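**Q** One letter stands for each residue in the lines below.
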Amino acid sequence: EPEVTQTPSHQVTQMGQEVILRCVPISNHLYFYWYRQILGQKVEFLVSFYNNEISEKSEIFDDQFSVERPDGSNFTLKIRSTKLEDSAMYFCASGRDEVSTQHFGDGTRLSIL
Amino acid sequence: KNEVEQSPQNLTAQEGEFITINCSYSVGISALHWLQQHPGGGIVSLFMLSSGKKKHGRLIATINIQEKHSSLHITASHPRDSAVYICAVNGGATNKLIFGTGTLLAVQP
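Chains Y and U, in that order, give the protein sequences. Heads up: the first sequence at position 66 corresponds to 66 in this note's numbering, and the numbers run straight through without jumps. Heads up: the second sequence at position 11 corresponds to 11 in this note's numbering, and the numbers run straight through without jumps.
Treat each hint with caution, since some may be false.
Calculated pairs, EDC-like style, for lysine to aspartate or glutamate (alpha carbon to alpha carbon, straight line, at most 20 Å) [unchecked claim]:
id: 1; chain 1: Y; residue 1: Lys42; chain 2: U; residue 2: Glu3
id: 2; chain 1: Y; residue 1: Lys42; chain 2: U; residue 2: Glu5
id: 3; chain 1: Y; residue 1: Lys57; chain 2: Y; residue 2: Glu44
Treat the hints as calculated values from the structure; they're not laboratory data. On a predicted model such as this, the values are computed, not experimentally measured, just so you know.
Given the sequences, and given the hints that come with them, work out the whole structure.
**A** Written out as structure tokens, the structure reads:
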């Protein structure tokens with residue numbers, strides 16, 4: 001069964017550094033998402049992406065965050081200057097259409113030191 | 001107030017027991033999702049429903065749109081069912097998911 005893959009599984013970065021989290025969504029899906037989960041808290045929406053542009057973003061997704069689909073397969077989340085509070089599990093998800101099951105990757109655990 | 005509330009937060013059951021996890025929401029929705037999160041962190045979608053009832057193996061999900069309430073039932077529970085079960089909704093005009101806090105289920109042999 002096709003799946004969403006995320007790399008790396010764990011990223012450790014110094015505060016202030018840039019980090020790029022990578023995702024390969026399921027190939028025939030058109031809607032892409034990033035969510036994050038701070039340890040011990042619920043999963044929170046960051047951003048949705050469709051037709052090569054952001055369709056919705058949360059208050060969390062400020063100017064330090066950006067997303068890109070640089071080619072036909074990858075979907076990336078960049079944090080320009082990381083803060084301690086960016087430490088979390090970041091999940092990528094994809095869906096075939098607007099309201100359909102979202103398929104999640106296994107997540108990238110980001111640790112900011 | 002959270003838009004999606006789950007109960008209980010923690011649940012311990014004996015193998016073979018019938019389990020119910022509840023979800024209430026306060027926003028208009030286009031669909032409700034039940035997801036499973038294992039200790040390693042990965043999230044798996046179990047159900048998406050907008051009305052009625054769905055069944056998959058030992059799992060049953062129901063939704064009452066008028067009461068803004070959904071339940072996830074597990075029949076003949078097994079230790080491998082131990083996980084966090086999460087309710088999430090698509091708000092009416094959006095395809096983002098709004099998550100509940102999850103229910104930590106431990107099934108003891």
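**Q** Are the hints correct? Go through all of them and say.
**A** Checked hints:
A distance of roughly 12 Å separates the Cα atoms of Lys42(Y) and Glu3(U); the hinted pair therefore holds under the 20 Å criterion. Restraint check for Lys42(Y) and Glu5(U): the C-alpha separation of about 11 Å stays at or below 20 Å, so the hint holds. Between the alpha carbons of Lys57(Y) and Glu44(Y) the distance comes to roughly 11 Å, so the proposed pair stays at or under 20 Å and holds.
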